[in-house]
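Residues per chain are reported as follows:
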Amino acid sequence: MENQQKKPIIKDEDSDLILEIKNGRTDLYETLLSKYETRIYNFGLRMCKDVSDAEDLVQETFINIFRYLKDFRMESKFKNWAYKIAASVCMKIKKRNNVTETELSLDDILPADREKEVSSKIPSWVNQPAEALMNKEMYLEIKREIDNLPPSYRIILVLRDMEDFSTREVSEILDLSESNVKVRLHRARSFVREGLKRYFND
Amino acid sequence: MTDNEKYSNHCIQMFEVYSQYLDGELDENQRTEVEHHIETCSECRACFMTLKKTKELCSKMPRVKAPDDFTSRLHSRIRNILDCK
Ligand SMILES: [Zn+2]
Chain A
1 MENQQKKPII KDEDSDLILE IKNGRTDLYE TLLSKYETRI YNFGLRMCKD VSDAEDLVQE
61 TFINIFRYLK DFRMESKFKN WAYKIAASVC MKIKKRNNVT ETELSLDDIL PADREKEVSS
121 KIPSWVNQPA EALMNKEMYL EIKREIDNLP PSYRIILVLR DMEDFSTREV SEILDLSESN
181 VKVRLHRARS FVREGLKRYF ND
Chain W
1 MTDNEKYSNH CIQMFEVYSQ YLDGELDENQ RTEVEHHIET CSECRACFMT LKKTKELCSK
61 MPRVKAPDDF TSRLHSRIRN ILDCK
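Which chain is which? The protein sequence lines are A and W, in order.
All letters in the first sequence, in the order written, are residues 1 to 202 by this note's numbering.
All letters in the second sequence, in the order written, are residues 1 to 85 by this note's numbering.
Think of the hints as simulated: they come from the structure by calculation, not from any bench.
Don't be surprised by glycine CBs; every beta carbon is placed ideally from N, CA and C.
It cannot be assumed that every hint is accurate.
What the hints assert, rightly or not - Residues from chain W shown here face chain A by an in silico Cβ test under 10 Å; the list is partial:
#	residue
1	S19
2	Q20
3	L22
4	A46
5	T50
6	T54
7	K65
Unchecked claim - A partial selection of chain W residues facing chain A, derived with a Cβ cut-off under 7 Å:
#	residue
8	C47
9	A66
10	F70
Work the whole structure out from these sequences, hints included.
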């Protein structure tokens, strides 16, 4: 459209590299790939229960990134655009695996053990530094809780608490309202919290 | 009895905004309200503290390195696709 306002180009740490690639330096694809492969691989591992699904996610994501880079108008950070692509690949894998989406209700996430003596004490794990708690077993426990989240909640917790995006960025990546992101994030965290409480037997 | 009935409405109202509190997304009035509630309601304080720790633990989940055979396959696959263009 003629009079449609063009959004300004966003300058970020990747802009120069992206511009060079867009201007024909295709050899620099390798640099971009190397920079983001570990991040996207870990996003895949966090989103998929299965390692081979995670590997598919990484491969499909980068194929799409390089396929559509010429259309990327640099109106958002490259990283955010890349995650938008990764998120849509994720949806495809979810469909392929026939994963059904469920909602988490308030009843699913409110502490079941409300009796005073059980839950009013601050459990001891709360006072231990996260670094001291984080070991292989803890990692697997959190991974298991995350795997048990319905996918539309899981992706929000992963993007907000593990991939370090802001509420606003997540709402842009997933095309959701910010309030929707906040509600889902809180339910997802509360769900994981219930799992950790069971794990620590509190 | 559902779990909901073990809570006062105010506890539930507060519970619903704990994450926003932790993320610095509440205005000052709401912040003060949450702080007052968790000081006075021990069940909610325990719940709030465990939620806070849960968020912290999630953010401390380490990243793993992709296996070398996977990345070399990925790089050559991408190279092939680009060379064909
Ligand atoms: Zn309360």
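- May I ask which of the numbered hints given earlier this structure violates, with the numbers listed in increasing order? none
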